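A.B. asks: From first to last, the protein sequence lines are chains X and Y. Counting from 1 along the first sequence, just add 707 to a position and that's the residue number in our numbering. Counting from 1 along the second sequence, just add 1147 to a position and that's the residue number in our numbering.
One or more of the hints may lead you astray.
Unchecked claim - Okay, the calculated bits of chain X under chain Y, using three or more residues with CB under 8 Å as the criterion:
#, segment
1, 719-727
2, 730-741
3, 751-757
4, 782-796
5, 817-824
What the hints assert, rightly or not - Each pair of labels, with its calculated beta carbon distance range:
#, chain 1, residue 1, chain 2, residue 2, range
6, X, Ile710, Y, Phe1329, 16 to 26 Å
7, Y, Ser1183, X, Lys734, 51 to 61 Å
8, Y, Asn1335, X, Asn769, 54 to 64 Å
9, Y, Gly1621, X, Gly763, 38 to 48 Å
10, X, Ile714, Y, Gly1847, 32 to 42 Å
11, X, Ala716, Y, Leu1890, 43 to 53 Å
Because the hints were derived from the structure by calculation, they are not lab data. Predicted model only: the values in this text are computed from it and were never measured. The beta-carbon is built from N, C-alpha and C at its ideal position, and this holds for glycine as well.
For reference, the chains in residue letters:
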Amino acid sequence: MGIDKTIVAFASLIGALFTFWFFLMKKDKVIKVTEDSIDITIDGGYSPEVIEVSKGKKTKINFLRKDPSGCLEEVVLPDFNIRKFLPLNQKVTVEINPKEKGEFKFSCGMNMFHGKIIVGG
Amino acid sequence: MLNNQLTKRSFLIKGMHCASCVRILEETFKKIEGVSDANVNLATEKATVTYNPNKAGDREFSSAVASVGYEAILNQGEAIEDEEKKEKLREIRKLRNKVSLSLIIGTFLVWGSFPALIETAPLILKNFWIQLLLATPVQFWAGFEFYRATIPALKHRTANMDTLVTIGTTVAYFYSAFVTVFPQVVKNIGVEPAPYFDVATIIIGLILLGRYFEAKAKAGTSEAIKKLIGLQAKTARVLRKGKEVDIPIEQVVIGDVIRVRPGEKIPVDGEILEGDSSVDESMVTGESIPSDKTKGDTVIGSTINKTGTFVYKATKVGQETMLSQIIKLVEEAQGSKAPIQRLADLVSSYFVPIVIILAIITFALWYILGPTPSFLFAMLNTVAVLIIACPCAMGLATPTAIMVGTGRGAENGILIKDAKSLETAHKIDTVIFDKTGTLTKGKPEVTDIVSTSQVKGFGPARSVLQLAASLEKGSEHSLAEAIVKKSEEQNMKLEKVSQFKAIPGFGVRGTIERQNILLGNRKLMEKENISIKGQEDKVEALENGGKTVMILAVNKELKGLIAVADTLKETASEGVKALYKRGIEVVMITGDNQRTASAIAQKVGIKRVLSEVLPEDKEKEVRNIQKEGKTVAMVGDGINDAPALAASDVGIAIGSGTDVAIEAADITLVNKDLRSVAKAIELSKKTMRTIKLNLFWAFGYNISLIPVAMGALYPFFGILLNPIFASLAMATSSISVVLNSLLLKRTNFD
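Same shape as in the complex, but just chain Y (with noise of 0.2 Å):
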């Protein structure tokens, strides 16, 4: 908002070709009530409109740009996202013609050419000028792709996959035309006169065959962050000025109060200010319980409010909210390049020019070597070499695997940061949790408040809480946290501390009323050479129930002792259960002393603990792990481990409020549900499984095939391959690369 009354919005304008258009454009939008200012750019094709909101909106910008004659793009995501559905839609309604005209026209022209079918085909087809008509549309209207594809190409000194289709039936194509005008040359050179329309018109309609089932398979791989961005709101009803207005997503803002009802979709990200309700999150973070919301709690954008009505103030709009920055996250992925497609890649940039030299080299050895009609021979071979090559299958091996992989877990609350950690992941054999906030809910509670002696002024048990907890008032710790709301329960007045220190990984100090206080665990006594003696078979007791001790001393004099437990989270003993079961090890990592720290390991089922370990120390006690040769994953809530997360082969942080880019995360489960990790990893395997299937048929389809093609099998038993065979197979493998990668999609994690 500029002020309380404009806004400025930019989009993007289809249609102009000049200085004029601009003009034109920027006149039309200052006609439109309530539009103070417009600015159009030719170069970036976008036109900024300043304007105010309750006067003028997309609706007229809209139709005013629609009534001079060109497109107005008001969400470019969206626009781009519809153009994509058009262009497939186009492209397969396109191909469903081509092809179905090039078979049909192919199989007549087999019928009559085809030496075991001739007998029974009518004369007029085998007519070698009847071949000539019915061929040419194929070759130049269906195959015009190809052609269209490779002249440019060929410019640009690059071949692809339309080159080699385009040399083949040109070749196949011509000879048999020149056949056809000129058969009696044919003869003279000894050859016998006979066209092959049959093998130029089936090859390109079975490649195109081929495409169009690619095409629509290949929408598939996509579907999950079409799936997301589909979730979006369009709109939201905002209170201004005392009145609830329906707005367009686009121009929600920060601090706007939104009402929503029951049933209705929750526009963006924000913090309840009134009512309760239960949301629908699923969607967003895969987490399948509803949850509970309350004045305070924050809610994400795009998932579904159930029974209550409730108002929020907005805290997080456009590419800020949740599901922006879980679809961005997404999109990254896909775009990035797992370590394992490097040989595909270094291949496919020289394949298409090998091939071509191989097929040369196959007309030569053919026309040199081979028997009579060698030429004939020489050039169906050539052909064949041509057409079974399939650059394709390789080029589509891994990304298309890596797409509905990063889909899935996207759709089940795992975010995948790329398809390097994707392809980490699959050879994890260590997992280390951090404890507090990850196995349990961070949220600890006081248990036990022990006195051992008298503080002056207090009641015994009420002043070692009182002390504890003014020390603790200026403590970050989750610790602190629990023992400061424990005296707020008692209404406790806290006394004014001076000389705070926090000591990291030992507990806190500071005085009150000059008197010098410590709070801390053992080792923090022994630092300070406190003694504890006559209290340790009661802090052995709690710290055998999984209960961490806070011990108290004033003027280095034990005073008293606090216990503080923190729940398990419902998912960590079955999250670790599952690892154990994929025989995975699993390490608790924790701050607390060796026996507390036991304790919560036994409770949650894991047998290796590192206890005592301070903050700065988890990323070297992760690399000590790596050390034994293990691939460690490290799962921490992303904020006090991000050493150790980044230090990890696969940092996992667990999701908090409705931040999902974490940097030092490689995985982030935004369903904050433990049995994820295993759920990851074992994506992770399935998706470098079906990578590596599918590039041992990429590879071994063309190793294999190539040769055979070129008629490495003719010396020994007498197999050709015919070159329309040979389109078939070449048709047959891309699709079945992206078969395999769909077939993802069905696969269970659990």
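Extracted from the complex, chain X is given alone in its bound form (with noise of 0.2 Å):
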């Protein structure tokens, strides 16, 4: 094998491997939420990306959508049964009240952008 392919090889192997890294194993920073109401932003993604919430607590999550992409256009929090559309550059909010303890995924309606909420005692 030429050196070329050697490298090719090489730094496929690499690429492989940083992008398993880069998308697959990143570690989520958790926000708890103190106070009755949170701001999430969109951009690429969800800002923060994962929420400490109290059982039994009314809390608020303000979404306000910046990214323009039609990806983003809507959220979807399936265990309490809501979805919304967001406006860009308008904060929409939704209410949860958890009644269980454990972890509740929310993403965008295509199902490509995700985030958590993590219902805490």
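With the hints as a guide, bring both chains together as one complex.
C.D. replies: Structure, rendered in structure tokens:
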């Protein structure tokens, strides 16, 4: 095998491992909601992506979409039966009152971008 | 209302940036005549105004806010909907322009570089520099949205379809640009210098074209809810201080007296105080025949008054009205997730990174093992892999079908609580109907009164009724109502009852003038050792006629019989027939004795009957049938049968009044039509079929075409996928999923 092929093989291996690590091994940074509301900005994903709320406490989540991509135009919180259209640059509030502990995912309408609500005690 | 004069209203303000905006807005509000207080919150972007509705209102607020450069969103739901509509139109227009430019330029580039066409192309199109000039605006203007979505996503360490398109087209574009600027370098490594601007441009054009059609089609999936929101009345003619005033619907409060004239929309839910009319409720309940309304009847907001004029009292306003509850229920159902979606969810969360890894592997394999020029093969196949992958189809497969399915249900008066209920409903093979109030109208009437021996002081027939009615006065059972009503028709004076006790499933007991009176079914008499000897034939004959027989005993001695019959609902027989036609077993459950129950079941065409079931045992019976391995739907009124509804696989409640959010029910039939049970099952079956087809297509497409793009067929047949065809396949795949879901709109559920 020529030197170029060896380099391509090696670079591809590194590239594949990097892709795996970069997208699939990321650690969630959990933001604990201490007040009764939290702002989540949407721009290429959710910021913050993972929030922690208390069980039985009503929490308002204010979504603000700054990303014009059609993929993010809706937010879905399936465990709370919520699907909302998010007009660009306009806050849309959804209220949740989690009755059970656990992890509840939310996503965009096409299920490409994800976030998580951790319900603690 | 705070008092007679003042009212409070909160609404959103758009365009605020700082604390001074708050001050300006508060001062502006306070300057309006009639406003006594105003509070603006920057964090929530909300204003709360206390004002006199006779002097100020939405119009004043709106213009005052606009005069200082902001925008008041007085109806958030409507505003979001307007915004959504505007944004969609903007998006569609923008996409159309970008698609036109990309495809026109792309066509010229294909002409100038595609081997079969290149000979016929003018020289200018074959010039690499001209091609670079043409491709650049497509790559960075039309394709801007791919970059715009990819860069912030990468910051979040996430990837989606845009990421794939961005990588794919960027590779093709920059390779081509390199070839244009440094053709000699490429030649030196043994590759013929030929750019692939046509590939990058056409891919962008076709994928945007797919998005354009998808955006148009997707708008149709949420049409039902928009239609429902559009039904809401805007104003109401309210009688205040003896005058009729038109006020915005948001200002109507419970207790307001409202006048409705022929042809007008009834603004909110309420009860008629005066007048008669016929009301078309089809838009809300799906019930096609207009219903006649008179004093005391309930009217539903947003329905149309047809013939008469009436005055009614508002009993439910704002979020409590039936229409608002329906909208909320449908919205919630559309936000829920069907269990069948789990696999697609799992796959889509790993999909894009895996495709990127596969693309890298494709490049390496073709470069190392492929024929010469191996670099070109490797690059084009890598681009094809990135472009053909379509995670959107997987993401859209289930939710679009659920949205159309639940919307179709709502249009027909079938409200489905969530996607899970809709999914389970297609497996139903047994439907249990509660009898009273579900198969029957729940308004029984006394048909026969039999006196078996003289009761002191009264004529024989009247005395039996009088004692029974006196006793039943304290009961809430529907049979009791029938007996009391009959006594009222005969202007009977009822006796005072002491020690009254209801025995659920049996009857009632009490004391009148120190005599112990019992009224109930045969089981009660057996329990109390009261003989009905000599009357068995009579009881049997009445029961064979489908009547419920109540036996009256005074001091443990049989005194008479009262037979009560309930009328079957007009849609009962047809509803049962429709279920049998679909091969679904139908069961009737009732507290009536076996003979009465069988007679009624026969009338309605039901073959399996569970009779003499105490109310608290209905749930147990449902579980027993489930133990037979059946998937059971329980149909009831949602109030008395709540535990049985909750125990069944799918609880179906028949709507009553203006309450639609029946907690224990998975499906509520607001049209009160029993034929809708079969319709709901059919709707579920068709929706599930659509979802399965969508998922099969979405998965099948990706599983079969990604390997083809990688070149899996090349060693055997020499087939490779041109990236342009890959983009065409990708664009059609997500549209086909949405279009397939939209087909549900045209499906017939009868």
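A.B. asks: Against this structure, judge whether each hint is valid.
C.D. replies: Now the hints, each set against the structure:
1. Note: the segment 719-727 of chain X has 6 residues with beta-carbon separation from chain Y under 8 Å; the three-residue rule is met and the coverage holds.
2. Counting residues of the segment 730-741 of chain X whose beta-carbon sits less than 8 Å from any beta-carbon of chain Y gives 3, enough to reach three: the coverage restraint holds.
3. With 5 residues having a beta carbon nearer than 8 Å to a beta carbon of chain Y, the segment 751-757 of chain X meets the requirement of three or more and the stated coverage holds.
4. Coverage of the segment 782-796 of chain X by chain Y holds. Counting CB-CB distances below 8 Å, 12 residues qualify, and the rule asks for three or more.
5. With 5 residues carrying a beta carbon less than 8 Å from a beta carbon of chain Y, the segment 817-824 of chain X meets the three-residue requirement, and the given coverage holds.
6. Between X/Ile710 and Y/Phe1329 the Cβ separation comes to about 21 Å, which falls inside the hinted range of 16 to 26 Å.
7. Y/Ser1183 and X/Lys734 have their C-beta atoms about 53 Å apart, which keeps the hinted 51 to 61 Å range intact.
8. In this structure the hint that Y/Asn1335 and X/Asn769 lie 54 to 64 Å apart at CB holds, the actual value being about 58 Å.
9. A beta carbon spacing of about 40 Å between Y/Gly1621 and X/Gly763 agrees with the range 38 to 48 Å that was offered as a hint.
10. At roughly 37 Å, the beta-carbon separation of X/Ile714 and Y/Gly1847 lies within the given 32 to 42 Å, and the hint holds.
11. Between X/Ala716 and Y/Leu1890 the CB atoms are about 48 Å apart, so this pair conforms to the stated range of 43 to 53 Å.
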